[in-house]
Amino acid sequence: MAGPIISVEHLSKRYVLRHQQRERYTALRDVLANKAKGLFRQRSSVGGTEEFLALNDVSFTVEPGDRLGIIGRNGAGKSTLLKVLSRIVEPTKGRITIDGRVASLLEVGTGFHPELTGRENIFLNGAILGMSRAEITAKFDEIVAFAEVERFLDTPVKRYSSGMYVRLAFAVAAHLEPEILIVDEVLAVGDAAFQRKCLGKMEEVSGAGRTVLFVSHQMDAVQRLCNKGLLLDKGRVLRTGSIGEVLNEYLSNRAGSLSTFTFRAPHIPGLAHAEQLRVEGTDGEVRTEVAMGADWQVRITVQVHRPIEGFVVGLGISSLLGLPIRTTWSHATDVIPGRYDLLFRSDGIHLAGGSYKLVVGLSHQGRVIQYLPDEATLEVAEMSELVNDPRILNTKSGLLLNQMPVEIRRLS
Amino acid sequence: MFGYFCGPPQQMSKYRTVLEPGSANRRYWRDLWAYRGLFGFLAWRDILVRYKQTTIGIAWSVVRPLLTLGVMAFIGWLFNSEVPGDVPRLLLVGAATLPWTFFSTAFSEAANSLIANSNLLTKVYFPRLIVPTSSVIVCLVDLLISFGIMAVLMAAYGFLPDWRILLLPLFVLLAVVAAMGAGILIAALNVKYRDFRYIVPFIVQFGLYVSPVAFSSHDIYGSDRIPEVLKFVYALNPMVGVIDGFRWCLLGGASAIHMPGFLLSIAISLLLLVGGISYFRKTERGFADVI
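Sequence order for the protein chains is U and C. Start counting at 1 in the first sequence, then tack on 30, and there's your number in my numbering. Start counting at 1 in the second sequence, then tack on 470, and there's your number in my numbering.
Treat the hints as calculated values from the structure; they're not laboratory data. Certain hints may be false.
Label-pair distances were calculated between CB atoms; the ranges are [claimed, not checked]:
hint: 1; chain 1: C; residue 1: I528; chain 2: U; residue 2: H40; range: 50 to 60 angstroms
hint: 2; chain 1: U; residue 1: R44; chain 2: C; residue 2: R695; range: 39 to 49 angstroms
hint: 3; chain 1: C; residue 1: R695; chain 2: U; residue 2: E80; range: 51 to 61 angstroms
hint: 4; chain 1: U; residue 1: L350; chain 2: C; residue 2: A529; range: 20 to 30 angstroms
hint: 5; chain 1: U; residue 1: E80; chain 2: C; residue 2: A586; range: 22 to 32 angstroms
hint: 6; chain 1: U; residue 1: T312; chain 2: C; residue 2: A504; range: 55 to 65 angstroms
hint: 7; chain 1: U; residue 1: E165; chain 2: C; residue 2: V519; range: 39 to 49 angstroms
hint: 8; chain 1: U; residue 1: K264; chain 2: C; residue 2: V488; range: 46 to 56 angstroms
hint: 9; chain 1: U; residue 1: P144; chain 2: C; residue 2: L706; range: 40 to 50 angstroms
hint: 10; chain 1: U; residue 1: V436; chain 2: C; residue 2: A586; range: 23 to 33 angstroms
All C-beta atoms, glycine included, are put in the ideal place defined by N, C-alpha and C.
Sequences are here, hints too, so could you generate the full structure?
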């Protein structure tokens, strides 16, 4: 074949940050004032300036037909990379070669005008995304059908519900036919049914041999859609490769979130106290995030100071807002002083992606020894191992994803 | 079989793009041409939006020039400015109100266009020059409506234009050049120095006093009291040439053009356009970074 469709060599993008300045633009009067001051003081600078490399020596290639998922924490440089690739900002250093037409979708409904009707906005938005009038006319009916807005074509979009607005916007973008499609986070909008439809459409697009670059925080969407991954951290490439490898690296090395929680010893030593809590995979390795649908375990280390009868350790899982989801207690045990290790294993109840609080309580015979309601968290990543599991229909249907047994009987 | 050895398929290399620092400059005009469709769509959008609330939209483009016309004619009468030949004062002022109203709206719209479309600039690539230029085009529609009003006025006075009206498009073009030049320059400055938004209304207001709307250029060039230096400064205003040209075309040469001043106005208009575009090109790479 013809080699890579996109090749990025030593790409850097530098921004100059000005301190003491709330806005990014300058006011002429400040510039003049500083020039005037500079006449008297030899040095003149507008506040302090600091350089910031949003992208730092980034190199990678994309083969035709690849669906590349770009992942990384906030501020890793994902959006800057997409902006450079879609020519919105110019690189500071380096070189990008692109062999094909690029359509970028950094926001749905770019250029939509509220006063214009749905029909008018389809043409306008299509033109902004790089379609010719003939292309739009040819696809018009398909776009309208996909967006399900037939009846409202001649209504100004300011009267649309937000759902209709987003559907129409995505429909236009989905019918672009460039060789390369760049997509940023657009799936974060719309209801679950429409999100599935969008994902389906994007799979279809990439199935047709087009190259897709995709940025999203929804790991399940990235995993489903992409075959290759690019992991960015602080503007540098940490890893490229198959999407599975890259996602694993991301989940095991996610800086900034904890997986081992160490509790401070209480000021007044009681009967016992909890020392540490670790979130682990079934292999006993620490996990900063557990994949939705995967098995995990929580290990709690406890220091017992005096002999206790009927010692119980409880582990609660609650939503971030504090709504208790479930609580598990160890069997009441008589213990002598020493360090103890408790292992709570997950049991096939699948939590939806997101963050949860882990609540730890130590007690004996109904009396509380120590209660830690707000010290540890469990991160469930939306990278799903269940996506192809027929028992899970929808990963956003609730906190618990397991289905109840359902029977259907004919009555008459 | 041989095709395989000829390198990548034609279709691929046709769209090859190389992005590196400064690369946008090299294919500037080619890009602008490639995006001409978007230019049309943006102008079309602005026209649609302008006239969407039909009654207000159209009424506004009729009422505003009429009011300006009335007030300016009154002021001219009050100060007893010269009316050449047998031309009714209202037509003399009307022929100047047309280009002035066009210039003032086109210039302000163009100057604010980049800020108004900042959501586009940060989300999609296209040659940025499209934004201010297409907003000038929209104002041409207003100008067309004003021409209708002027035609009615001329008919009411039984005033028939002669062959000179055929040259009017040239002066419309000159007005477009002047409005675009100034608009593009201020639009680019506006992105970086946001206080230019206060300067725009001032330029428009000030311009009305120094342009021959209420009076005519004869009052200036023919006066003994006005020193030559001021006459020269007066001619630097690009709208002097445009307005003199409109009067010459519409009023059948009753007001002759003062050639040196006219040529100077044209030169300034062209200089503004060239200077505006070159400053725009120099700064547009950074628009998305600062807007």
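Exercise for review: Starting from the hint list further up, note which numbers the structure goes against and sort them upward.
Suggested key: 2, 4, 7, 8, 10
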